[in-house]
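J.: Those protein sequences? They're chains A and B, same order as listed.
Residues in the first sequence are numbered consecutively from 54, following our numbering.
Residues in the second sequence are numbered consecutively from 42, following our numbering.
Hints are computed from structural coordinates only; laboratory data are not their basis.
This one's a predicted model, so the numbers in the text were calculated from it and none came from an experiment.
A few of these clues could be false.
Stated by the list, open to error - Result set (DSS-like, lysine-lysine): computed pairs, CA atoms no more than 27 Å apart in a straight line: (1) B:K137 - B:K105; (2) B:K164 - A:K60; (3) A:K60 - A:K90; (4) A:K122 - B:K105; (5) B:K132 - B:K91; (6) A:K137 - B:K105; (7) B:K236 - B:K137; (8) B:K259 - A:K122; (9) A:K134 - B:K137; (10) A:K122 - B:K164; (11) A:K134 - A:K122; (12) A:K80 - A:K60; (13) B:K105 - B:K164; (14) A:K134 - B:K103; (15) A:K61 - B:K164; (16) A:K61 - A:K90; (17) A:K60 - B:K103; (18) B:K259 - A:K90; (19) A:K90 - A:K80; (20) B:K236 - B:K259; (21) A:K60 - B:K91; (22) B:K91 - A:K122; (23) A:K137 - B:K103; (24) A:K61 - B:K103; (25) B:K103 - B:K137; (26) A:K122 - B:K132; (27) B:K259 - A:K134.
Claimed, not checked - Label-pair distances were calculated between CB atoms; the ranges are: (28) B:E143 - A:A88: 43 to 49 Å; (29) B:R163 - A:K137: 40 to 46 Å; (30) A:L157 - B:Q93: 55 to 61 Å; (31) A:A126 - B:D229: 45 to 51 Å; (32) B:A144 - A:K80: 22 to 28 Å; (33) B:E212 - A:A126: 36 to 42 Å; (34) B:V237 - A:E120: 32 to 38 Å; (35) A:L158 - B:E143: 53 to 59 Å; (36) A:E129 - B:Q90: 30 to 36 Å; (37) A:E129 - B:N156: 40 to 46 Å; (38) B:A209 - A:R140: 20 to 26 Å; (39) A:R57 - B:A241: 33 to 39 Å; (40) A:R57 - B:Q90: 29 to 35 Å.
The C-beta atom is built at its ideal place from N, Cα and C for all residues, glycine as well.
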Amino acid sequence: MTCRVCKKQLSAYADGELSSPRRAEIKAHVDDCAACKLVLEQQTSAMALLSAQPELEPSPSFDVDFERKLRLAQAEAEQSKQGKRARWRWPALATVAAGACAILLAVTVMRSTVRPPTASSPISDLHVARNLDLIENYQVVDNLDGLEDFDVITGLEGLLEEKTQ
Amino acid sequence: MIFALQIVAQLLGFGGVSIFASATPQRQNAGSVHSGDEDADAQLMLGFQKGQRSCFDQLFQKYKRPVINFAYRFTGRQDRAEELAQEIFVKCFSAKESYRPEAKFSTWLFRIARNHCLNEVRKPEYRHQVSEYSEQEKVSPIASKAVTPEAALAARELQRALRVALSALPERQRTALILSRFHHMSYDEIAATMKVSLSAVKSLLNRAKEFMVTEVQKHGVRHDL
Chain A
54 MTCRVCKKQL SAYADGELSS PRRAEIKAHV DDCAACKLVL EQQTSAMALL SAQPELEPSP
114 SFDVDFERKL RLAQAEAEQS KQGKRARWRW PALATVAAGA CAILLAVTVM RSTVRPPTAS
174 SPISDLHVAR NLDLIENYQV VDNLDGLEDF DVITGLEGLL EEKTQ
Chain B
42 MIFALQIVAQ LLGFGGVSIF ASATPQRQNA GSVHSGDEDA DAQLMLGFQK GQRSCFDQLF
102 QKYKRPVINF AYRFTGRQDR AEELAQEIFV KCFSAKESYR PEAKFSTWLF RIARNHCLNE
162 VRKPEYRHQV SEYSEQEKVS PIASKAVTPE AALAARELQR ALRVALSALP ERQRTALILS
222 RFHHMSYDEI AATMKVSLSA VKSLLNRAKE FMVTEVQKHG VRHDL
């Protein structure tokens, strides 16, 4: 075994984390190698000193302070839950309102685009062609100024009948 | 080569430290929780999941000291250790549903503790913490055993050097070392807590120990005592 391999295993060896055969190999090497033995001793001593570091004891108020923190955290969690609910409620309402507006707008647009046949449509052109005379006379009526020619208007139907005969 | 730690320790008459210290780890430190209790812990946690608050209280009483000390070692802040521990227990309380009985309770608890402390030490105020908070630390057993003022001073220097070295360790190495030395976890338990492989734990601990030896020698352990 080389020193490089041994040094990599020294920590696990010192902590009793090696299998028996491996442990025996390391032990054999350490017993014969002054350099690896020194490294092991240094590590072991440093770890023993580290383990002798002081421990803290919980203060008398530790439990009470914990309970206070816990209640605070629970209250915050509850508030956050409610806040989340509220945050979801408003966007949902806004979405419904926006949807309703969109539907209303669409209906309005559709209605405005569906118009009765105009004068330019083939059906109305045919209708005008068939009743050209009648329309011309209506145009006359339409151009009358007030009721000056009321007699003509009243006799208009008779005149039309004569004309058609 | 003179090994400074050994000289200081021998001068202090600290019996637990010797140049020929046993390679077998010493696992009698206070604040640890033995793995034999894990079944009982899991049962308590399951009881808590079913709504029995008293089960949580038992776990809290059992683990509060180890968690306070974990936070202290990890952050190097004695003044924050209790607050951090309380926050960790609040997290455990709130995250009770995430516990699975297949895992050891201590593994689950210390994973939460580690993540919480990791977030803590990432705060800017932790950049120069070691020199700032060194004055208020607790006196170690080594210092209290010192018989002369010089020995007491040397012990305080050693204590500070160890704390500085621990704080200076990269986070993963520090976690592995704390769990190993102060909480007496096996390599398997450390691997489960840190969610790394067993070989990674071996490597982390080996590097951590090498670093500790080097850093302790660097940080004010006096050779002339």
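J.: Would you mind marking each hint as holding or not holding in the structure?
T.: Going down the list of hints, with the structure as the test:
The straight-line distance between the Cα atoms of B:K137 and B:K105 is roughly 17 Å, inside the 27 Å bound, and the hint therefore holds. The suggested pairing of B:K164 with A:K60 is violated, with an alpha-carbon distance near 36 Å, which exceeds 27 Å. For the hint pairing A:K60 with A:K90, the CA-to-CA distance comes to about 9 Å; that is within 27 Å, so the pair holds. For the proposed pair A:K122 and B:K105, the alpha carbon gap of about 15 Å is at most 27 Å, so the pair holds.
Among the hinted pairs, B:K132 with B:K91 is consistent with the structure: their alpha-carbon atoms are about 17 Å apart, no more than 27 Å. At most 27 Å may separate the alpha-carbon atoms for a hinted pair to count; A:K137 and B:K105 exceed this at roughly 33 Å. Proposed proximity of B:K236 and B:K137 is supported: the alpha carbons are some 19 Å apart, at most 27 Å. Of the pairs offered as hints, the one joining B:K259 and A:K122 is violated, with about 41 Å between alpha carbons and a cut-off of 27 Å exceeded.
For the suggested pair A:K134 and B:K137, the alpha carbons sit about 18 Å apart, so the restraint of at most 27 Å is met. At roughly 21 Å between alpha-carbon atoms, A:K122 and B:K164 fall within 27 Å of each other, so this suggested pair holds. For a cut-off of 27 Å, the pair hint linking A:K134 to A:K122 stands: about 18 Å separates their Cα positions. With a C-alpha separation of about 12 Å, the suggested pair A:K80 and A:K60 falls inside the 27 Å cut-off, and the hint holds.
For the given pair, B:K105 sits about 24 Å from B:K164 by alpha-carbon distance, which is consistent with the 27 Å threshold. For a cut-off of 27 Å, the pair hint linking A:K134 to B:K103 is broken: about 32 Å separates their Cα positions. Straight-line distance between C-alpha atoms of A:K61 and B:K164 comes to about 34 Å, which puts the hinted pair past the 27 Å bound. Pair hint A:K61 plus A:K90 holds up; C-alpha atoms about 13 Å apart against a cutoff of 27 Å.
Taking the CA atoms of A:K60 and B:K103, the gap is near 37 Å; set against the 27 Å cutoff, the hint is violated. Proximity of B:K259 to A:K90 is assessed by CA-CA distance (about 21 Å); at most 27 Å being required, the pair is judged to hold. Annotation: proposed proximity of A:K90 to A:K80 holds, straight-line Cα distance about 9 Å (limit 27 Å). Between B:K236 and B:K259, the direct Cα distance comes to roughly 32 Å. Violation of the 27 Å bound is thereby established for this hinted pair.
With a CA separation close to 49 Å, the supplied pair A:K60 and B:K91 exceeds the 27 Å bound. At most 27 Å may separate the alpha-carbon atoms for a hinted pair to count; B:K91 and A:K122 meet this at roughly 22 Å. Simply put, A:K137 and B:K103 have alpha-carbon atoms about 36 Å apart, too far for the 27 Å limit, and the pair is violated. For a cut-off of 27 Å, the pair hint linking A:K61 to B:K103 is broken: about 36 Å separates their Cα positions.
A threshold of 27 Å between alpha carbons decides the hint, and for B:K103 with B:K137 the separation of about 17 Å falls inside it, so the pair holds. Our distance criterion of 27 Å between C-alpha atoms is met by A:K122 and B:K132, whose separation comes to about 11 Å. A distance of roughly 52 Å separates the Cα atoms of B:K259 and A:K134; the hinted pair therefore is violated under the 27 Å criterion. For B:E143 and A:A88, the Cβ-Cβ distance of about 44 Å falls inside the hinted range of 43 to 49 Å, so the restraint holds.
In this structure the supplied range 40 to 46 Å is violated for B:R163 paired with A:K137, their Cβ-Cβ distance being about 27 Å. One distance hint, 55 to 61 Å for the beta-carbon pair A:L157 and B:Q93, holds here, with the actual separation near 57 Å. In this structure the hint that A:A126 and B:D229 lie 45 to 51 Å apart at CB is violated, the actual value being about 33 Å. The hint said 22 to 28 Å for the Cβ distance between B:A144 and A:K80, and at roughly 34 Å that hint is violated.
One distance hint, 36 to 42 Å for the beta-carbon pair B:E212 and A:A126, is violated here, with the actual separation near 26 Å. The beta-carbon spacing between B:V237 and A:E120, approximately 35 Å, falls within the hinted interval of 32 to 38 Å. With their beta carbons about 58 Å apart, A:L158 and B:E143 fall inside the hinted range of 53 to 59 Å. For A:E129 paired with B:Q90, a C-beta distance near 22 Å fails the hint of 30 to 36 Å.
The hinted range of 40 to 46 Å is not satisfied by A:E129 and B:N156, whose Cβ atoms lie roughly 19 Å apart. Separation of B:A209 from A:R140 is about 44 Å and departs from the stated range, judged on CB atoms against 20 to 26 Å. A hinted range of 33 to 39 Å for the beta carbons of A:R57 and B:A241 is inconsistent with their spacing of about 19 Å. Distance hint check: the CB atoms of A:R57 and B:Q90 are about 49 Å apart, inconsistent with the given range 29 to 35 Å.
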